[in-house]
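> Given next are the chains, with one letter for each unit.
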Amino acid sequence: MNNKTTLILGGARSGKSSYAEELAEQSRFNLVYIATGEPSDEEMRARIDHHRDRRCEKWETIEEPVDIASVINEHSTKDTVILVDCLTIWTSNLMFKEKCVQEAGAKLIIALRNAPGPVLLVSNEVGQGIVPQNALARNFRDEAGRLNQRLAAVVPNVDYIVAGLPLSLKKNAKIVSGNIER
Amino acid sequence: MNNKTTLILGGARSGKSSYAEELAEQSRFNLVYIATGEPSDEEMRARIDHHRDRRCEKWETIEEPVDIASVINEHSTKDTVILVDCLTIWTSNLMFKEKCVQEAGAKLIIALRNAPGPVLLVSNEVGQGIVPQNALARNFRDEAGRLNQRLAAVVPNVDYIVAGLPLSLKKNAKIVSGNIER
Amino acid sequence: MNNKTTLILGGARSGKSSYAEELAEQSRFNLVYIATGEPSDEEMRARIDHHRDRRCEKWETIEEPVDIASVINEHSTKDTVILVDCLTIWTSNLMFKEKCVQEAGAKLIIALRNAPGPVLLVSNEVGQGIVPQNALARNFRDEAGRLNQRLAAVVPNVDYIVAGLPLSLKKNAKIVSGNIER
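Protein chains in written order, with our numbering: chain L, 1 to 182; chain H, 1001 to 1182; chain Y, 2001 to 2182.
Extracted from the complex, chain L is given alone in its bound form (with noise of 0.2 Å):
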């Protein structure tokens, strides 16, 4: 896996997808973004446009709704960043279509662990306010909170946004400022 490769958290609107074209644009490699959003309906394309807009002619867009690990594995190579936007996206089109999230993040693992340059991936944090009433929402809940989970467990870098300022929860492998060795 590339030493760059970051696992970008944090709630909506926090200005996570911005933190991470940012980090990709700085690298000065190529752009390749992959885009799992799906155009279900007017708001949701507005969205996908908002984001499109930001983007500009900087990078290629790549439209993935489910298969994010070969267009990891056809697109990556060592001047490239490829940013993955967004996971918790990706994890609802997996329930929808009925596949086994955590079948897919084992895939998306391996082809992080494959590909030689960085891969940027922005994923939402769910779990903070008060339990869902209804049990799709609760079970969606639990697959992008584990997802997030096992990535974060396995990729060199976590960096959690609030408001659009970056915590970094583990950089380097190293975790920041937790106290587990204690």
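From the derived model, a few chain Y residues whose C-beta atoms are all more than 12 Å from chain L: (1) M2001; (2) L2031; (3) I2048; (4) D2053; (5) E2063; (6) V2066; (7) S2070; (8) N2073; (9) H2075; (10) K2097; (11) E2098; (12) Q2102; (13) A2104; (14) G2117; (15) A2153; (16) V2154.
Quick list of in silico lysine-lysine cross-link-like pairs, DSS-like style, CA-CA up to 27 Å: (17) K174/L / K2004/Y; (18) K1174/H / K171/L; (19) K174/L / K2174/Y.
Simulated from the structure, these hints should not be mistaken for laboratory data.
Where is the CB? At the ideal position from N, CA and C, for every residue including glycine.
Given the coordinates of chain L, assemble chains H and Y onto it according to the supplied hints.
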């Protein structure tokens, strides 16, 4: 902008208001409290009274649901701390009255820049739960998150409060633990 | 209070229980697990079994939905780590049985003060989503948040878990990265 102006973020019942009051009271400055909440029902009145009781007579309280920029302009002096509690209620007031939140945000930022004394801005983190089912709540979440990002980008200090304990995200205009420059 | 007593906060599926168990197992002390969950349906039973399977036979498990203070009083020794999982379910048990959460919290704090060995308290962050629509959920959110604040104020260590990674909020009774003293 005063170099002690601070954005104080946190969830519901995270202790962000108490933290902000403590920060203000340590200054030995004059204390002005801008309450943005309008008591629309008994529950809301109880919450407002609960906050007011804690502040006692040390504070001058001004109830202003919308035009907080003008109140800051009028009351800020180099010996006065102004505490705005909170921007999330303010956002919902603006939306309810069909005013543009981002325009009001721009006006607030101008007031912060011109204020000779420190302003403490209390605001809620609302984007870390499951996607709300109704469009109004999603829209509110977007507006509130976007406002937090804009303010966090311009103020010199940002604290994130969890269970009454602060994590510094930005201090004297330096990002505390992020690795954007990596 | 034992100087290793720790409050472990995090969202749903943040990895807080695994983190707490790992912390406890590193101690080489006797391990006592207080499970506050009552299996009210199949989903709940599955979650409890999932947790229990992970702990294997290294732990003594005590199911106690309400009176965790007494269990701590009875079982704490200087060679025993007690893990309470979790305070959020406990809060909802208390509310369901119409008991006062803050009174029970005061009793818990006395038990923590008297305990010769470390106690690890797992608790959910539930206040970072949109305001819940029903009053009971708002009330629950208030009680849970208030309890977290009270405990965070008195215990020597507080960790906040995001995607399985810890951020230390307080360590050996010092606030880690806040700027309250600024």
